[in-house]
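Engineer: Listed here are the chains, written in short residue letters.
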Amino acid sequence: MDILIQQVLNGLSIASVITLIAVGVTLIFGLTGIINFAHGEFLMIGSIVTWIAVQAGLGFLPAMVIAILAVAIMGFALERGLFQFTLSRPTNGFIVSLGLIIVLQHVVIFLFGPNQKSIPRPLSGVWDVGGVRIASVRVMVILVTIAVVAMTFVMITRSRYGRALRAAVEDRDTAALMGIPVRRYITGVFVLGSALAGLGGALLIALFPITPFTGGTMVMKGFAVALMGGLGNLTGAVVAGLILGIVEGFSAGYGFSEWTDAYSFGLMILVILVKPNGLFGGTSGPKMA
Amino acid sequence: MKALNVMKYSSSPVASLLPALLVIGVLMLVPALGPSNRTLSLAISAGINIVALYGLAVLFGQTGILSMGHAALVGVGAYVAAIIARDAGIGFWIALPLGSLLAGAAAAVVGVPSLRVSGHHFVIMTFAFGQLLSIVLTNGGDFTGAATGLDLQLPVTFFGHAAGDLVPYYFIVVAFVAISAIASWAIIHSRYGRTLRAIRENEKLAASLGINVGRHKIGAFVVSGLFAGVSGVLLAYFYRHISPNQFSAFPSIYLALMVMIGGARLLLGPIAGGILVSFLPEMLNLDPVESRILYGVCLIAVILLLPNGLIAGLVQGIQSVFQRLSGSATRKSTADASHASGAGR
Numbered sequence: 001m002d003i004l005i006q007q008v009l010n011g012l013s014i015a016s017v018i019t020l021i022a023v024g025v026t027l028i029f030g031l032t033g034i035i036n037f038a039h040g041e042f043l044m045i046g047s048i049v050t051w052i053a054v055q056a057g058l059g060f061l062p063a064m065v066i067a068i069l070a071v072a073i074m075g076f077a078l079e080r081g082l083f084q085f086t087l088s089r090p091t092n093g094f095i096v097s098l099g100l101i102i103v104l105q106h107v108v109i110f111l112f113g114p115n116q117k118s119i120p121r122p123l124s125g126v127w128d129v130g131g132v133r134i135a136s137v138r139v140m141v142i143l144v145t146i147a148v149v150a151m152t153f154v155m156i157t158r159s160r161y162g163r164a165l166r167a168a169v170e171d172r173d174t175a176a177l178m179g180i181p182v183r184r185y186i187t188g189v190f191v192l193g194s195a196l197a198g199l200g201g202a203l204l205i206a207l208f209p210i211t212p213f214t215g216g217t218m219v220m221k222g223f224a225v226a227l228m229g230g231l232g233n234l235t236g237a238v239v240a241g242l243i244l245g246i247v248e249g250f251s252a253g254y255g256f257s258e259w260t261d262a263y264s265f266g267l268m269i270l271v272i273l274v275k276p277n278g279l280f281g282g283t284s285g286p287k288m289a
Numbered sequence: 290m291k292a293l294n295v296m297k298y299s300s301s302p303v304a305s306l307l308p309a310l311l312v313i314g315v316l317m318l319v320p321a322l323g324p325s326n327r328t329l330s331l332a333i334s335a336g337i338n339i340v341a342l343y344g345l346a347v348l349f350g351q352t353g354i355l356s357m358g359h360a361a362l363v364g365v366g367a368y369v370a371a372i373i374a375r376d377a378g379i380g381f382w383i384a385l386p387l388g389s390l391l392a393g394a395a396a397a398v399v400g401v402p403s404l405r406v407s408g409h410h411f412v413i414m415t416f417a418f419g420q421l422l423s424i425v426l427t428n429g430g431d432f433t434g435a436a437t438g439l440d441l442q443l444p445v446t447f448f449g450h451a452a453g454d455l456v457p458y459y460f461i462v463v464a465f466v467a468i469s470a471i472a473s474w475a476i477i478h479s480r481y482g483r484t485l486r487a488i489r490e491n492e493k494l495a496a497s498l499g500i501n502v503g504r505h506k507i508g509a510f511v512v513s514g515l516f517a518g519v520s521g522v523l524l525a526y527f528y529r530h531i532s533p534n535q536f537s538a539f540p541s542i543y544l545a546l547m548v549m550i551g552g553a554r555l556l557l558g559p560i561a562g563g564i565l566v567s568f569l570p571e572m573l574n575l576d577p578v579e580s581r582i583l584y585g586v587c588l589i590a591v592i593l594l595l596p597n598g599l600i601a602g603l604v605q606g607i608q609s610v611f612q613r614l615s616g617s618a619t620r621k622s623t624a625d626a627s628h629a630s631g632a633g634r
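Same order as they appear, the protein sequences are chains R and B. Under our numbering, the first residue of the first sequence carries the number 1, and numbering increases by one thereafter. Under our numbering, the first residue of the second sequence carries the number 290, and numbering increases by one thereafter.
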C-alpha cells in the first residue's frame, strides 16, 4: 500500500508536466486551430535552457525563470515567423510543426550532443509520512503545476482578457468586429502556451535526466491527455492529466512499468471510441470562414 | 491547381502514366552505371519507401486523410515476413501477399475506430496506434524479439536462384515501384479514385450524393495498408534485421514528410519525394544530424512556399511561364491561351 501511494505520487508528478503540455496544446488549438506537435520540443528546449543555466552556476529558480522566458520568446518568434502564415490552412500548420520537431531536435543534438543531461535535484529532501517516502521535489512539481494551472484557469474564466479570449475562440470574426484584437490574442496564446512548455521543461529536468528526444514522448502523451479531455477544453485537460497520472502510478505499483508509455494512448483510444469529443467535449478549433 | 488536376485526370489517362514509367525505366538503367554499393543501398531503401509512399498518396493525396502511423503498417509487413520465415520457413514470395494482406487488415483495425473522429483527431489517433504497436513489439518477448528485434535468415529466391546481391534486389524493388505506380495510377483513374476525391473535396456533398464516406475512408486506409505491407516485406528482406524503433513515430513522420515534399496528388510525387529525401544529404555530403536539420528546414519551406509539394509547384511554375509566353506571343484572348497550354500539357 505504501509503495502504491508512492508510485501514484510519482505518476502524478510526471502527469503534472504532461498536463502543462496538454494545457498549452489545448489553449493554442482552441484559438488558433494550430496543432503544434513541436510543443514537446518547446518543453525539451525549456529543459536544455534550465540545464545550461544551472551549469553556468545559477540556482534552479532563476534557471526556471530563464527557461520560461526563453521558450516564450522562441514561441513568439516562431508564431510570427512561421505559424501565422498557416492560420488559414491548419493542416499546413501541423506539417510545419512536424518539420520544426526535426529541426529543433537536431539543432540541440548538433549543439549539445545526443546524450542525457541532468541537473542536481533542486530539492533533495525525502519526507517520511507514516512509512511513505515522499521526495520533496515531486511534491514541488505537483504544487507548482497546480498553482500555474489554477492561475491560467482563473485568468481565462474570470478576467476580461479571458472573456475576450473565449469570445475569440467561439467566433473569431464577430469577436474582431467587437474590437477584440484577435491577431494579437493568437500570438498571446501561443506565447502563453510556450511559456507553460518552458516551465514544464524546467520541472521535468528537475525530476529526470532528459535527452533531445524527450520532447517526442512527452508531446504525444500531452496530446493524448488533451484529446482525452476534449481538445480545446482546459478542464478536460486537467482531469485527463490527473487520470493518466493515477493510472501510470498504479501500473508501476503493480509491476507493469514497461507498459507505462502505452497507457496514455490506450486510454485515449478507449475514450475517443466511447466519446469522440473527449470526456468533457472539445471544440473543433476556431471557425474558418 | 484544382482546375489543373481535373484537366489532367480527364484528358487521356494513359498519357499521365508515361512520365512515371519513363522515370522508372531510367531508374532501371542505374546499375549499368556501376554505382557504389552505398549508392545502390540508398537507392534500394528509397525504392522501398516509395512503395509505401504510393499507398500514402492514395490516402492523403486522393482521400485527403493524413496517417501519422504509417510506419507501423510497414512494420506489420516486415514482422510478418520475419516471423513466418523463422517459424515456418516461408520465404519472400509468399510473405509478400501475406504481409500485404495482414497490413491491410491492421489498417482496417486502426481505421474503424480512428475514422469515427475526423481531422486532427484522426491524425493523432493513427499516431497513437503507431506508438502502441511499437510498444507491443518491444514488449512482445521472444515472439517479436523484444527491443533487439528479429533477424531474417532466408534469402530472396528468384526462379530458384538466391538473389542475395544488391543489384538483383535493386531490380526487384524497382519492379515493385513500377507496380505501385501503375496500381496507384489505376486507382486515380478509376471510379473509385473519383469517389475518394469527391470525399476529399467535400465530405458532406459526397455523403449527400449517396457515397458511404466512412466505408470509403476505411477502404482507402486498407488500400494504403496493402502498399505498406509490401514495402515492409521488401524492407525486412533488405535489412535482414528489423527492430521496433524502425516503425515507431518518427519513421512515420518521415514517410508523411516525404510524400508532402514530393506532392501527394501526382504520380511522380512519391518517386520524387523518396529519391530527394534519400539522396539530398548524400549529395550535399552532410552528416546525419546536419542533413536532418536541412530536411526539416526544406520541409517547412516547401509547405510555406509550395503547399502542394515540390513537383506540383514545379509543374505549376512551368505552366505559368508557358502560359505567359504563349499569351504574349500570340496576343490571343486569355481563354484561348489557357486552352492552348492545356492542350500542350
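These are computed hints drawn from the structure, not numbers from a lab. Treat the hints with care, as some may be off.
[Stated by the list, open to error] Facing chain B, from chain R, some residues (calculated, C-beta under 7 Å):
#: 1; residue: Val96
#: 2; residue: Gly99
#: 3; residue: His106
#: 4; residue: Val107
#: 5; residue: Leu111
#: 6; residue: Asp171
#: 7; residue: Phe208
#: 8; residue: Asp261
#: 9; residue: Ala262
#: 10; residue: Leu267
#: 11; residue: Leu270
#: 12; residue: Val274
[As the list claims (entries may be wrong)] Output of the computed footprint for chain B on chain R, the stretches with three or more beta carbons under 8 Å from beta carbons of chain B:
#: 13; region: 193-206
#: 14; region: 220-231
A quick note: this is a predicted structure, and the numbers were derived from the prediction, not measured. We treat Cβ as the ideally placed atom computed from N, Cα and C, and that holds for glycine.
Engineer: Three residues or more, CB to CB closer than 8 Å: is that satisfied between the region 220-231 of chain R and chain B?
Structural biologist: Since three or more residues must qualify, the claim that chain B covers the region 220-231 of chain R holds, with 5 doing so at under 8 Å.
Engineer: May I ask you to test the interface hint for Val274/R with respect to chain B, counting a Cβ-Cβ separation under 7 Å as satisfied?
Structural biologist: violated (10 Å)
Engineer: Val96/R was flagged as interface toward chain B. Is the shortest Cβ-Cβ separation under 7 Å?
Structural biologist: holds (5 Å)
Engineer: Does Phe208/R pass the interface check with chain B, least Cβ-Cβ distance below 7 Å?
Structural biologist: Since the shortest Cβ distance to chain B is 19 Å, the answer is violated.
Engineer: Does Asp261/R pass the interface hint, meaning its C-beta sits closer than 7 Å to a C-beta of chain B?
Structural biologist: holds (6 Å)
Engineer: Grab the minimum C-beta distance from Asp171/R to chain B and call the hint holds if it beats 7 Å, violated otherwise.
Structural biologist: Constraint on Asp171/R not satisfied, violated at 19 Å.
Engineer: Verify the interface restraint on Leu111/R: the C-beta must sit less than 7 Å from at least one C-beta of chain B.
Structural biologist: Not OK, violated: Leu111/R not within 7 Å of chain B, min 10 Å.
Engineer: Establish whether the coverage given for the region 193-206 of chain R by chain B is satisfied; the threshold is a Cβ-Cβ distance below 8 Å, and no fewer than three residues must meet it.
Structural biologist: It is violated, with 0 qualifying residues against the three required.
Engineer: Verify the interface restraint on Leu267/R: the C-beta must sit less than 7 Å from at least one C-beta of chain B.
Structural biologist: Result: violated, 10 Å to nearest chain B Cβ.
Engineer: Any CB of chain B closer than 7 Å to the CB of Gly99/R?
Structural biologist: Nearest chain B Cβ about 4 Å off; hint holds.
Engineer: Please check whether Ala262/R passes as an interface residue: C-beta within 7 Å of a C-beta belonging to chain B.
Structural biologist: Since chain B brings a Cβ to about 5 Å from Ala262/R, closer than 7 Å, the hint holds.
Engineer: Taking 7 Å as the limit, does the beta-carbon of Val107/R come near enough to a beta-carbon in chain B?
Structural biologist: holds (6 Å)
Checked against the numbered hints above, the structure breaks hints 5, 6, 7, 10, 11, 12, 13 and satisfies the rest.
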